[in-house]
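**Q** Each chain, written out:
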Amino acid sequence: MRLPYLTIIALTTIASIALTACHDLPEMPDNPSDPASNFDQLWTILDEHYCFFAQKDVDWDEVYKLYSIRVSPEMSQEELFDVCAAMLDELQDGHTNLSAPFNTSYYRAWWSDYPQNYDQRLVEQHYFNFNYRSVGGIDYGMLPQNIGYVRYPSFSYAIGESNLDYVLAYCATASGLIIDIRDNGGGSMSNVGTLVSRFISTPTPAGYIMHKTGPGHDDFSEPFAYSYNPAAEGRIRWSKPVVVLVNRSTYSAANNFVSVMRQLPQVSIVGARTGGGSGMPFNSELSNGWGVRFSACSVLDTEGRSTEAGIDPSPGCAVDLDAMQALEGRDSMLDFAINLLLK
Amino acid sequence: METIRRLSVIIAMLLPIVAYGGRPVTSAFSIEAGASRISDTYLSPLPYHGWHTGLDYERFQAMRHNPERCIMRLNINATLDRTLNPAGNAAMWQAGVDASWAMMWRWTLRWTPGLRVAAGGMADLDAGALYLSRNGNNPVSARAAVTLGLTAMATWSTRIGRLPVTVRYQPSMPIIGACFSPAYGELYYEMALGNRSGLVHVAWPGNRFVIKNLLTADLRFGATALRIGYSGKFISGKINDIVTRYASHSVTVGVSGEWISLDPRGRNRSSTPDISAYY
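Chains as they are written, first to last, in the working numbering: chain A, 1 to 343; chain B, 1 to 279.
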């Protein structure tokens, strides 16, 4: 009777070791700085994890052919970086960067090809005479037309619930509120929820999120619906009209904030098309130590549409910064928002 | 000194877990230090290498219903690793706790005096996390598994000169259970939003192979013993196309002892000889 037990144990051990061999890890080069290997690693990371190939109609295999021939064993790390960065630029994605000790690549055309539409000093000087309040990354004040103004430059700044109470209480007598998120390049999605919670009274659908389920370009999960809850009882909520002021540099988490706020009946989106950036980024790295960041999870709006290409202003609310008026100390976009709230 | 005194009291409280009826408890506290290699493709495709350290508590006792043949083992192991990527410019931390309870049937081999073997089943809870600081939205990869498995043990009691020594080899391997894994490209943020589907998987050696090896020698100086040895843990898994690999090799040093609690009223003290689960 002993032999079968020993046979079972031996077979189990062999089978386990054989199965473990199926858990393949990516092969590493003998030389961690080898240009061809690092180029291939970068291409493969994007090939297996990037989430917008189909949406952006990018043939990643063609991209490989186009750029791999520019890689040679003799090239310097900086030359390799330039080739890799150019390859990533094919994705036209502001969330996709390559980071080396000497440089970080950045696809800038998503905003550089558009008017900036924001001059911070114009507002601070000519509308507030540099006399405004600041708390927790938020600047705020009252405009002479009895309109509250909140400037939130980055969703990276944590928003305190008590801070928000003070801000909204200060503006409580205003007939409307302007939330200026021009040049807001994003940050933490949790701050989006915190801010949105002050403008809703019931749990509100915020959109969908979907992730890759495997390395194939079309391997995606079913979109998962998520929602935001209103601020807790006792916190100040805002139910009067709101204008969200945006420009092309309103990006990533700020873009997400716009996609949620635009569905609220009391909210108008004023300005220019936002920059998009609806892919939540992942990080990875190459054997030479460089880091890479890329869009990995697609966040959709409440109607299941991607906002990667940006969000248009509300109908009739598209407006750019008038350079001539700016010379006279007027922000034509802010003036438009004020007039909209005064109607 | 106050800290040392308090620590001594805590250890003293843990070591002599109450034993009745001549079934002494063998308890051991060990520290371990060595090297580890970690890969987790959710965080990075690169292997990380570095140091490994840990604390280990182990407790043996013969079981009440059949103390000659049945023994149980409780093991709690807490580990901490710090590893670097091949370029040396990013650090990955690992912290985890592995707790198991095993019940083994043991045999004394007549033709090899001093050698005893035991084998049985175990229940294991392994939980921990990897943290890679250079990653923004995906800095953490959590590990959690509840499994049933097999363990075996061979102990050989001998002497080096006049010094009693007990050498033990113990492999352990989870066989079946449940484990946690995110989807291939799923952010923990999405889980926090409420998407918990598909996070729990059946764990078996085909998708999560784990083996732990323990080789110790207890040098018995009177009532307590100095424990020295080797501890190794190997995990290889592939779930949702995420490949994880963890291997640690460490030297262990600790103190072990056999303890028995006596009821001052003498009601629980057995008249039969003590039956040690370990020595």
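These aren't lab readings, by the way, just hints derived from the structure by calculation. As the structure is a computational prediction, the values presented were derived from the model and not from experiment. Each hint should be verified, as a subset may be incorrect.
[As the list claims (entries may be wrong)] Partial chain A-side listing against chain B, Cβ under 8 Å, derived:
(1) 23
(2) 26
(3) 37
(4) 41
(5) 282
Virtual Cβ for every residue (Gly too), placed ideally from N, Cα, C.
**Q** Could you run down the list of hints and mark each one as holding or not?
**A** Hints versus structure:
1. 23: holds, 4 Å
2. 26: holds, 4 Å
3. 37: violated, 11 Å
4. 41: Constraint on residue 41 of chain A satisfied, holds at 7 Å.
5. 282: The hint holds - residue 282 of chain A has a Cβ within 8 Å of chain B, the shortest such distance being about 5 Å.
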